[in-house]
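A.B. asks: What follows is each chain in one-letter form.
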Amino acid sequence: MADRSNFRRRLIVTWSAFGALAVGACLLAPLVGSTSIRLAVAFDRSRPFADNIDAQIFFIARLPRVLAAALVGSGLSVAGVVFQALLRNPLASPDTLGVSAGAALGAILAITFHLDFSLLGVSAVPLASFAGSFGALGIVYALSVVRRRGTSTMVLLLAGVTLTALLGAVVRFVQYIADFTETFQTVRWLMGSLDVAAYAPIGAALVPMTAAFGGFVTLPRALDLISVGSESAAARGVDVARSERVALVSASLATGAAVSLAGPVSFVGIVVPHLVRLIVGADHRLVLPASALFGAAFLIACDLLARTVLAPVELPVGIVTAMIGGPFFLWLLFRRG
Amino acid sequence: MNTWIRLTLLWALSCGAGLQPWLEASPDTRNTARIQARSRAVGPPASRPRRIVSMVPSTTEMLFEIGAGDRVVGVSNYDHFPLDVEKIPRVGGLIDPNVERLLSLRPDLVVVYDTQVDLKRQLERAGIPIYPYTHRNLADITQTMRSLGARVGLQEAADAAAQRVEQRLAATRTVVGGRPRPKTLLVIGRDRGSLRNVNASGGYGFLHDVLEIAGGADVLADMQRQSVMMSTEMILTRAPDAIIELLYGATNPSRNLDAERGVWNAVPSVPAVKNGRVYLLVGDEFVVPGPRIVTAADRFARALHPEAFK
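Heads up: the protein sequence lines correspond to chains W and X, in order. Sequential numbering of the first sequence, starting at 1, is according to the numbering used here. Sequential numbering of the second sequence, starting at 1, is according to the numbering used here.
Chain W extracted, bound-state conformation (with noise of 0.2 Å):
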């Protein structure tokens, strides 16, 4: 009975820690950038929004992208949560199973062969490579079916590599081929932007990512058991096969969804739930809804670095999260090791 008040006295705060720390974020991201504007006069009704640079300024450049920054950056720390219990892998992140490299590919295809063609506000590039996640997603979950046949996780994960080492190899192919100038696109756009300017590819990205968030929710528990070992979890009561599943397609749902949105944005997903997991342990109740709400926050603060540390010009946002979760990893390998 002490135990179960003492987790709940944990879950509070780890809840309004970090649900404080991203609603921080939120709040304040969107007050800073290269220029200074005027609060006052961004939220003045009465001037017309046309003629209002503050207000553009605070609701086209900045909201937006601070709004993609949360969803994608929980998005994809989740997913690494989630991949890192269900492959019993420390190393797995959001980009282990070729779901990355599917986006990536659909990208680069929409790019270079000038797709032109858009959906509810939402052009053709962030369309084509969620269809492009959504292939490779097909693939996974194929290989997760066969799995269901006595593969092993170590079958799933070199699985996972292969495809995106082929995916990959794809991408390259089609960038050599193409154009210069399409090359130069591709290229950037496979350093990650959150950029947005609009608020439709962010309600695109919302469904998907609903969809894999009540994923999520049924699987601590499971994620607990089966990252100990899938016969102690089958013995503790756990439908092991389902919830992998559930727990791979809720992942790559969410990984399509912030690749689509944001390009890929590398090291997030691997670096939160690591440090989530030395601050909160390893009690998925606590990391999952942890690792979402930090991921937000990190994502937010490094995409703010990317668009102030050079100001007016920008760095993309990949090569931030990457330079700052580089290192930190490094370090936590060798501080383990």
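Heads up, none of these hints are tricks.
Now the in silico label distances, taken between C-beta atoms and shown as ranges:
no.	chain 1	residue 1	chain 2	residue 2	range
1	W	F43	X	N265	20 to 28 Å
2	X	G127	W	P90	51 to 59 Å
3	X	N256	W	M323	35 to 43 Å
4	X	V117	W	L278	44 to 52 Å
5	X	P89	W	T162	38 to 46 Å
6	X	E100	W	F113	29 to 37 Å
7	W	R242	X	R261	48 to 56 Å
8	X	E100	W	L278	50 to 58 Å
9	X	S47	W	L305	54 to 62 Å
10	X	Q167	W	F49	47 to 55 Å
Part of the chain X face toward chain W, derived, beta carbon under 8 Å:
no.	residue
11	R192
12	N197
13	V228
14	M229
15	E233
16	T237
17	Y248
18	G249
19	A266
20	V267
21	S269
If you are wondering where the hints come from, they were derived from the structure by calculation, not from laboratory data. C-beta: ideal position from N, C-alpha, C; glycine also.
Assemble chain X onto chain W, guided by the hints.
C.D. replies: Quick look at chain X alone, frame taken from chain W:
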């Protein structure tokens, strides 16, 4: 990854896209001196080359313009102008020259981009004279025409052709001279159907120079680099009076220009958008720093100052 990005940027350069953000800009005078020195320093003296391979689209166009087109026996994969080049064998691009095919053409002069270090070394080993080419700003175009003309033994024709280019540019400058110069954003790339990854010409390079001749004030004139990635916030704060967006490459003309122009309505406070001064120009002459640059300047000027041409 880093190497790959650099290679891609160099690739872009070879085709004259002017995407050279991270490469150092050396003083213009030094480049001019290099171009002048090239006609005498490289290759055996006074031999008049008969079989020329040009690895760069802009030098191919220059060779045709000065009357050496019938001696061009090989071009790069990226050459599409003039139409005659479609019949000439292709020998690869900037980062993947096909040395075997190049040698089989038995050239007695190869025009290479200066960064093609391996190719230069291989050609030197094979005893084939080279003309190393780089381009940076507008003045380099006519400088190179003159020096390349001297190298292929057509000094007079080259001088005349270079002079024609200079005269037509001066004429454009005169037509729009004295008129108010709109702050202009020159966009050279962006994602289809959205304002993402907007890549614009910075305050350095031939596109910047052409824009200034055509009566525009470059809104990024203070940024001394050939290209700048523009964030939405930067577009809003720089508030250009006019936006010229260049569309080029093989697959472009089929695009729905009105829809692409409409994408800019996402930033309604930008004066160019508010006043309907977003111009989408389709054509390859904008990205090849060769003699067709006069057409590019003329089209910029007509877009920015239509009243001057009535």
